[in-house]
Every structure is written in structure tokens, then in C-alpha cells.
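Engineer: Here is how the chains run, residue by residue.
Protein chains: 2
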Amino acid sequence: MHINETHDPSLTSWVATANDPASDFPIQNLPFAVFRRAGSTETFRGGVAIGDQVLDLAALDPATVGEPASAALALAQRDTLNDFMAAGPAAWSALRLALSRLLRAGAAAQQHALVPQAAAEFSIPARIGDYTDFYTSIHHATSVGRLFRPDEPLLPNYKWVPIGYHGRASSIGVSGQRFPRPKGQTRPASGTDAPNFGPSRRLDYELEVGIFVGTGNADGDAIPVDAAEAHVFGLCLLNDWSARDLQAWEYQPLGPFLAKNFATTISPWIVTLEALAPYRAPWQRDAADPQPLPYLDYPALREAGAFDVELEVLLQTATMRREGQQAASVSRSNFRDSYWSVAQMVAHHTVNGCGLRPGDLLGSGTQSGPEPEAAGSLLELSGGGKAAITLPNGEQRTFLEDGDTVVLRGRAVRPGLPRIGFGEAAGTVLPAR
Amino acid sequence: MHINETHDPSLTSWVATANDPASDFPIQNLPFAVFRRAGSTETFRGGVAIGDQVLDLAALDPATVGEPASAALALAQRDTLNDFMAAGPAAWSALRLALSRLLRAGAAAQQHALVPQAAAEFSIPARIGDYTDFYTSIHHATSVGRLFRPDEPLLPNYKWVPIGYHGRASSIGVSGQRFPRPKGQTRPASGTDAPNFGPSRRLDYELEVGIFVGTGNADGDAIPVDAAEAHVFGLCLLNDWSARDLQAWEYQPLGPFLAKNFATTISPWIVTLEALAPYRAPWQRDAADPQPLPYLDYPALREAGAFDVELEVLLQTATMRREGQQAASVSRSNFRDSYWSVAQMVAHHTVNGCGLRPGDLLGSGTQSGPEPEAAGSLLELSGGGKAAITLPNGEQRTFLEDGDTVVLRGRAVRPGLPRIGFGEAAGTVLPAR
Numbered sequence: 001m002h003i004n005e006t007h008d009p010s011l012t013s014w015v016a017t018a019n020d021p022a023s024d025f026p027i028q029n030l031p032f033a034v035f036r037r038a039g040s041t042e043t044f045r046g047g048v049a050i051g052d053q054v055l056d057l058a059a060l061d062p063a064t065v066g067e068p069a070s071a072a073l074a075l076a077q078r079d080t081l082n083d084f085m086a087a088g089p090a091a092w093s094a095l096r097l098a099l100s101r102l103l104r105a106g107a108a109a110q111q112h113a114l115v116p117q118a119a120a121e122f123s124i125p126a127r128i129g130d131y132t133d134f135y136t137s138i139h140h141a142t143s144v145g146r147l148f149r150p151d152e153p154l155l156p157n158y159k160w161v162p163i164g165y166h167g168r169a170s171s172i173g174v175s176g177q178r179f180p181r182p183k184g185q186t187r188p189a190s191g192t193d194a195p196n197f198g199p200s201r202r203l204d205y206e207l208e209v210g211i212f213v214g215t216g217n218a219d220g221d222a223i224p225v226d227a228a229e230a231h232v233f234g235l236c237l238l239n240d241w242s243a244r245d246l247q248a249w250e251y252q253p254l255g256p257f258l259a260k261n262f263a264t265t266i267s268p269w270i271v272t273l274e275a276l277a278p279y280r281a282p283w284q285r286d287a288a289d290p291q292p293l294p295y296l297d298y299p300a301l302r303e304a305g306a307f308d309v310e311l312e313v314l315l316q317t318a319t320m321r322r323e324g325q326q327a328a329s330v331s332r333s334n335f336r337d338s339y340w341s342v343a344q345m346v347a348h349h350t351v352n353g354c355g356l357r358p359g360d361l362l363g364s365g366t367q368s369g370p371e372p373e374a375a376g377s378l379l380e381l382s383g384g385g386k387a388a389i390t391l392p393n394g395e396q397r398t399f400l401e402d403g404d405t406v407v408l409r410g411r412a413v414r415p416g417l418p419r420i421g422f423g424e425a426a427g428t429v430l431p432a433r
Numbered sequence: 001m002h003i004n005e006t007h008d009p010s011l012t013s014w015v016a017t018a019n020d021p022a023s024d025f026p027i028q029n030l031p032f033a034v035f036r037r038a039g040s041t042e043t044f045r046g047g048v049a050i051g052d053q054v055l056d057l058a059a060l061d062p063a064t065v066g067e068p069a070s071a072a073l074a075l076a077q078r079d080t081l082n083d084f085m086a087a088g089p090a091a092w093s094a095l096r097l098a099l100s101r102l103l104r105a106g107a108a109a110q111q112h113a114l115v116p117q118a119a120a121e122f123s124i125p126a127r128i129g130d131y132t133d134f135y136t137s138i139h140h141a142t143s144v145g146r147l148f149r150p151d152e153p154l155l156p157n158y159k160w161v162p163i164g165y166h167g168r169a170s171s172i173g174v175s176g177q178r179f180p181r182p183k184g185q186t187r188p189a190s191g192t193d194a195p196n197f198g199p200s201r202r203l204d205y206e207l208e209v210g211i212f213v214g215t216g217n218a219d220g221d222a223i224p225v226d227a228a229e230a231h232v233f234g235l236c237l238l239n240d241w242s243a244r245d246l247q248a249w250e251y252q253p254l255g256p257f258l259a260k261n262f263a264t265t266i267s268p269w270i271v272t273l274e275a276l277a278p279y280r281a282p283w284q285r286d287a288a289d290p291q292p293l294p295y296l297d298y299p300a301l302r303e304a305g306a307f308d309v310e311l312e313v314l315l316q317t318a319t320m321r322r323e324g325q326q327a328a329s330v331s332r333s334n335f336r337d338s339y340w341s342v343a344q345m346v347a348h349h350t351v352n353g354c355g356l357r358p359g360d361l362l363g364s365g366t367q368s369g370p371e372p373e374a375a376g377s378l379l380e381l382s383g384g385g386k387a388a389i390t391l392p393n394g395e396q397r398t399f400l401e402d403g404d405t406v407v408l409r410g411r412a413v414r415p416g417l418p419r420i421g422f423g424e425a426a427g428t429v430l431p432a433r
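Top to bottom, those sequences are chains A and B.
Letter by letter, the first sequence follows residues 1 to 433 in UniProt numbering.
Letter by letter, the second sequence follows residues 1 to 433 in UniProt numbering.
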């Protein structure tokens, strides 16, 4: 993706908070969400983050942005972003350019179109027709595999197939999601036949990147890997909550089901691929790793197939919340360490003719880094529940407890460029019903 | 479910073809679909099958059906049945009763509201938010398991957990669906590392029953098993097309993905649970089988937990079609042989708090009977591709070839009662692109 005037690091905004180097939302970012004023009965509509404000797209006169952006603006004003996503890269780019010019220092301030983020509530940004979860971190696959199969941590298909499976769309919630601890069957105790039943005792988070499909493909037509990124609208944060004890008992032979489908939390903000263009990274491969099959290989892959996005998990227990302590960092990793790229996920998903639709969501799978402390789940950090981690206030965790809030954060950072942040995806575990 | 006047076997209709004992659609059936005149640009709307006709619900004046059915009629006139499904059993029942009275011999004929089924085209009857596929036939699970694990055909969780996994909603099509043979990776030849890539060589059908959710549940709230059937709108036929060679290579550790998500074909007609009430059957269990856990057990299960629905697979090759030969029967089974019931699928799906929505679709999994010739897939009928089956014209099949059309049929039959049919779910394999 070409770098254009919207990426110019010298740009500043008339929204002063966007010029704070610590802000997730400088004028070079411009991520999209769907929002309304919190507690109101207003219609949800598209918004763009700028500093600590939301630019209310429905409050903008189309004449303000001019052609060709006004048609894109009309689509982005709706109560989901699906139609805007379906409009394709030229429309996304035209609106980004117009909003960049509108928000720049020197342009006429549009105070009437700003809503403080702190006064907004968000909805899922798109009607998600289908949700697919991948498994692209080789570090996660290896460390989880080692817990179950010490002799063969990584299965023979891993370096050939971008492994994925279908998840549940209806239980995806936006940051702030709260859900009861899931109940279900778990493996029988040794020497007994009957499984146990009750609330999960091994409830976990998974640190993932979400990928929103923009333009789809016709059923039966594969998307070539070198055209795949043009079908991607942008990235968000995604917590694929997982009940490890339910999963261990149910997952053979058809994969995870009740262990995953009770809740999935995403960030409200979708950072576009265009915003991320200056933050690309080389693809991570060892010399001994096989070349991908031709349908997964493309020239730009090796130089810039990955995204350099720092990811972080933070945890706030009920005790910490009661005592006024902020969420504590538990681990950090980076999306650039993914074994499979975004373009490869899209190409693989459609190689059999499967149709993707605007607003479909792909999860990257848990993003764990190469170091043990960069693991994206408690399962890994606790060595399968054997070694508790200790929080700054002295509390310990092997898995999540009732009242725990997990916060995911992400940011693209590059020397000489402003930081491009993802906001956060926060979710809270309630007691089992 | 109580038997009421709509089930009276002596009822006949002023639509003469409904009174033919060979019709799938006597007045006791009254299944719902969404249709329009074929080749037209009319709006799709709800319809009910009667003999060889569709009763066009949008052509009925609400006053014709009176209260309380008129409100239900208004919902069933829309271009998907989701809102009607959400209205619940009282609404479904009220409309069924009103339509039964409207269509009875002696009532004023409403010829203006009839469209010949042969002149209609159908759409997916509901907007399917999520599609879940189960694995409820112990005969299928055992015979497929034996191909992979001769020592342990049935996994230890099978008799405790109604195994299910998430499928792809966007690739579900209505009867008449045509799709290219899927391409993908298959297991490396012995002694080599790199997988093969190309069109699937082991393309198969799966004979399943589809279950449409009517009323949903709030996220976090489980549906008790003894209340579960009130959440089910009705049943249809479902072909879960499967590429066995893609599946064998991709499915570890997270389950089937590209092997399934290229196409799934359902019948246009949904037969309501109320229509099926006289055709219930005892639950099938051996004395040695364990009692289900309490959340899966309910008093009515043993006497009438199952549905006595005969299922059949027919195959028409391109040669047969060219030579004017009808599709030939390949195998027959019965939904009553399912190990897990419809109510148990719903209770299990929601026990962790997963929310179901009106219009969600559950697949029963391949329904194979206890006899080898009652297998619901070619994988089983051909012993894993080792022994071809021979069709009446002498052609042989281990797996499907290009141009093959697979037709599923189903019917509930009971002495002294009219036959209640499901119509058909037909789909055709096109050459790979």
C-alpha cells in the first residue's frame, strides 16, 4: 500500500489531544467505530477517533468532504459499517483523505461534530456474518502443543496449512462485555467413567488480532494471495475467551465448541490497513522452514508481509478495582511474529471457493512471542496451570477468577512516526449463573 | 406437543393434489418456505406447501385468517421467516390452525393465492446468523471412527457429549445449489514432506437433518432440556458436502474447515415440530449406555425423544441426466436412530450461556443407520473409498464426480396417518475452477 499525505508524520490536528505523543489516535490513525452518546437512545452511527474525541460522521455535511468522499461518508454514517466496508479500498481511501484534511491544524474546527470518547458507547462495528478463528502463532501452537504432546508439539500440517476453524458470531461483544463463567462437562477423574459438570475452573483469555473483511468474493472464486489485502478493511483487538477444561474434554474429533462460543470481545476501533502501511515488517521464517505452496506465496510477503503491532494483556482483579489500582501488564507480544500473514489467511480461507462477505471477522489466533513471558494466554504463562503468575499486589493467578477484567491493547510504533493505537478490548468475568 | 385438530387424518383439502397419498404435502403437513415466481423480480415472501402448490402468504388478506393468526401471518409474509420464528410456538400454532381451516375441503377456495411449486423459486428460508453442525449418529461416528482408529472407533466423550462444531453460514444454499469442486491441500504422499494441492478427489455428501431455531435465549442463560423443543421452529433436510481428503490433512487440532465450508445445501421447506408431533419415537439406547447427565435428561426423552423420519439419498450422474434416468436411491436411514435428540442438542449448545438466535441452524450430523447399507455418506458406503458402489445403470462411485446431483428426501410415516414429507434438497457438483 502506497504511503500518501495522510501518513505525513508532521501533520497535527485542531483537536489538541490528538497531538499528544501518548495518544492512540493521532491524525495519522483515523480508525473507524460505530457509536452513540452513552445512555442515550440515539441511533448508532459511524465515528472516527481523533485524540480523546469521536468525530461523529453523521454530524458532517457531505458537502464538507466533497467528491469522491461524500458517497463513502454516506455509507459510513449508517448503524453498521458493512456497506462502507463493501465499497472497497478506493472509497475507504477517499474518506480517509478527506477526514485527514478536515481534521488538520488550520482547517475550520468542526466542534459540533465531536463527542468525547468518554461520553460514547460503542456497538459491534459491523454485522458479522461469519467469524473464523485462525492459529497463526507458531510460538503459541508449539507451547500449547508441548503441554499435550511433549514428543511432537507441532503437528505435521502446521507449516503448510494456515489452520483455522469456525467460531460463533452471535457471542461477539464489544469492549466492556461482561459474561458469566461458562458451565459444562469436563474430563472424568482418573478411574471413573462419568465426566464432571460445573463452572469452568480453567477460564482463560487469548490475545488476538481481529481482521475485518472489506470487500467479499463471489462463492466459488478464490482470492489470489497477492490481491488479498485489498479485501481487508482493517484490524482490531480480539479476546477469544477460552474454557480450557471444557475444551480438553469436548474437542476430539471436531474441534473447540462450548469452550469458546460463550463470549469473544473485540475493540470498538478498526484501524485500517492504509493507516498501518508505514508499520509493515518482514515475514518471520527460519531458514529450515518450507516455502509456502504457490497459492500462499507472493513477492511482497518476505519484505513486508507482517504488521509490526505491539500487543499487550493487562489484568485487573476485583480486589485491584476495589482498591483503585489500574490493570497490571501481564504479557506483551507482537503481531509481526505470526507465522502466517493476513493475506495468507484470506487466500487460504477462499482457496476452496468459500465466499467471504463484507463485515466477516477473522481472528489471528493467540499471538505469543518467542519468549515464554510473551505468551498470549494464561495456559501458557502458567505452564498448563502448574505455576501461578504473581500480580503487582501479590495476588496470584493460574486461570481467571470471577470479577477479573482482562484488557487488551495494541499499538504500531516506528521511530520517527507517531504511535498508532488500537484503543482497548476489555471484558469481565462474572460468577457462573 | 399436544395433538390437535390440524393432525386429524381425515382432513382433506380443496387443493386436490394435497389429497394424493403420495404427496409430501397433505393438509396435515403445512411446512413453511420463502419463495417467489421463478425468474421474476418479485419480492421473496413466506409460503406454505399444499399438494403441488405454494400457498402465497403475502396474497392472503389478514382478515381471512382472523385473530390471533393475523399477527403471525404478517410476520410470515416477510422475505425471511426470522421474525415469524421469533414470535414463538403460540404464534406458529395459531397460524397453522388458521391455514388448516382455510385449506380444508369445504372452505372457500383461494385460487388467487396459489402458485404451482414447479413455477416457484426458493431462497434460504431464514437469515442464518450462525450454523452449528452436530455429530449425533452413533452409527456414523463408529463407522467413520473405525476407518481412522480401528482399536477405538468411538472416542470416550461420545456417549456423554453431544459433539458439535461451528460451520459456515454464508455458504448455505437452498435446494438447486451448484458449486465448483473445492480445491485445497491434501496429505503428503508417503516419504515426502510437501502436501499435494488440487481439486478434491474424495468429495462426499452427508445426509443430515437441519434444525431451525425459533425463539432464542438471552446470552448467559441456558435453555433447560425440558423446555428446549419450544425453542425449535422445525426441521429440514441438510446436505453437509465434505471433501474427505482436505479434511484428513487440515482437521488436527481444531476440526474441519475448508473441507466443509464451500457449500451446504438445505431443503426450502421447514416442517414444524407441531406437524411432526404424531411421528415421535422412543429414544434409542442400549442397556449398557450411560444415563445422560442431568442437564441432558428429561422425562419425555425415553418415550418420545426422537423423530421417526425416514431419510433417503439419491444420486443422478451426468450420464443418467443425459439419458433421462431419474436419480437412483443410494441409501436410506431414519432420524429416530440418532443417539442425541433435538432437545439435547439445544440444551447442550446453551449450557455454557451461548445465545441462540431466531433463524440459527443446527445440523444433526450425518444420519447413518445400524446396517452398513444405511450409511449416510459415500465414505462409509465405500469403506473409506476402497469398495465402489454400483448404480442401476452400471456406473460406479467411491466418491462424487463432476456433474453428480445428490438429492436428499425425508418423510414421516405412521400407519393410519398421512405421510408428511420434506420435499427435497438437491445439489450439483460442477468442475473445479
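Bear in mind the hints are in silico, worked out from the structure with no lab data behind them.
The reader is advised that the hints may include incorrect statements.
From the structure, some residues in chain A lie toward chain B, with a derived Cβ separation under 8 Å [as the list claims (entries may be wrong)]: (1) F44; (2) Q185; (3) T215; (4) N217; (5) L293; (6) D297; (7) Y298; (8) R302; (9) E303.
Quick reminder that beta carbons are idealized off the backbone N, C-alpha and C, glycines included.
Engineer: Run every hint past the structure and note whether it holds.
Structural biologist: The hints, checked one at a time:
A distance limit of 8 Å between C-beta atoms decides the matter here; for F44(A) the minimum to chain B is near 18 Å, and the interface restraint is violated. For Q185(A), the shortest C-beta to C-beta distance to chain B is roughly 6 Å, which falls under 8 Å, so the interface hint holds. Against a cut-off of 8 Å between C-beta atoms, the interface hint on T215(A) is violated, since the closest Cβ of chain B lies about 14 Å away. For N217(A), the interface hint is violated, since its Cβ never comes within 8 Å of a Cβ in chain B; the closest pair sits about 11 Å apart.
Proximity of L293(A) to chain B holds as hinted, the smallest CB-CB distance being about 5 Å (cut-off 8 Å). For D297(A), the interface hint is violated, since its Cβ never comes within 8 Å of a Cβ in chain B; the closest pair sits about 12 Å apart. Against a cut-off of 8 Å between C-beta atoms, the interface hint on Y298(A) is violated, since the closest Cβ of chain B lies about 16 Å away. At its closest, the beta carbon of R302(A) sits 19 Å from a beta carbon of chain B; the interface hint therefore is violated under the 8 Å criterion.
Violation of the interface hint for E303(A) is found here, the shortest Cβ-Cβ separation to chain B being roughly 24 Å, above the 8 Å cut-off.
When held up to the earlier numbered hints, the structure conflicts with 1, 3, 4, 6, 7, 8 and 9 and fits the remainder.
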